[in-house]
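Asker: Heads up: the protein sequence lines correspond to chains A and B, in order.
Quick note on numbering: this note's numbering labels position 67 of the first sequence as 48, and the sequence is numbered without any gaps.
To convert, count from 1 in the second sequence and add 39; that's this note's numbering.
This list has only true hints and no planted wrong ones.
Heads up, simulated BS3-like pairs for lysine-lysine below, C-alpha to C-alpha not over 25 Å straight-line:
(1) K130(B) with K56(A)
(2) K130(B) with K32(A)
(3) K26(A) with K219(B)
(4) K32(A) with K219(B)
(5) K130(B) with K58(A)
(6) K130(B) with K219(B)
(7) K32(A) with K114(B)
(8) K114(B) with K58(A)
Calculated directly from the structure, the hints in this document are not laboratory data.
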Amino acid sequence: MTCREFVEFLEAYLSRDLGPAEQAEFERHLAACEACRRYLESYRKAVELGKRAFEPSAEPVPPQVPESLVRAILKAKREQKS
Amino acid sequence: MPHELETLASEEQALLARLRAGDDDAFEELVRSYGGRMLATARRFFTNEADAADAVQDAFLSVHRYLESFSGDSKLSTWLHRIVVNACLMKLRARRARPESSIEELLPRFVGDGHHAAEPADWRPADESELERAESRALVRDAIGQLPEIHRSVLLLRDIEGLSTAETAALLGTSESATKVRLHRARQALRTLLDPHFRSIAAPDAQVTP
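So here's chain A without its partners, still in its complex pose:
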């Protein structure tokens, strides 16, 4: 297995979508390749950072709805009614 293949199957590996033979090959490469171990760790961390970036407590205080948008919505609703 090359590093290119390792990276290609990374998501399948993490979602446990690989068959037993592929899984074993994947793990052999991982044990032997420092570069891919580092790639895997940084990939995992990027996913984790992504998941937490929009946690309710993490996002800036919700902005006020711009007045122009409030008016546009009310106007569109009136037009929908008629």
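Dock chain B against chain A, hints included.
Answerer: Same frame as chain A, but now just chain B:
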């Protein structure tokens, strides 16, 4: 705090009753109370403010149309969140034909024999306090905003909304295998964009003092 929850629920109930009775002031109140949070959600999907505002407008028109079907089983804010996410997806699907910026340049590169073209860097160890830092989170949100729309949508639905591959594929009108490929590319691209900020800085022991 059961008391507070009950109060909130009864406020929601009262607002809902007025909305169902066709009270225009209640609708405006709904827009003003929940529109900000909905706009923040729409901005995750669209970097263009006008697109995000359009999606929120579409969402409120759906709310008006489908008010009767709101069962009250979930919180009003949860229902509104689902509606605005759907409005964003509908809008994205409608304009799928638009040329997309390429994700290729954000994917890792390899040399002819399949080795990494550049050694991946060690990232600073993840510690709780760093993940909690507001700047880190703003940086990550900004990086997600730089992903091409379709990849960003898949990442938002899978990793942030927590939907399954099948649910995401159905909402985006694509196959599950395409969804998996896009999620992986989106995550790789996110890693590339975050790399300069999270890679460990080499120990300065090699520096010579003048």
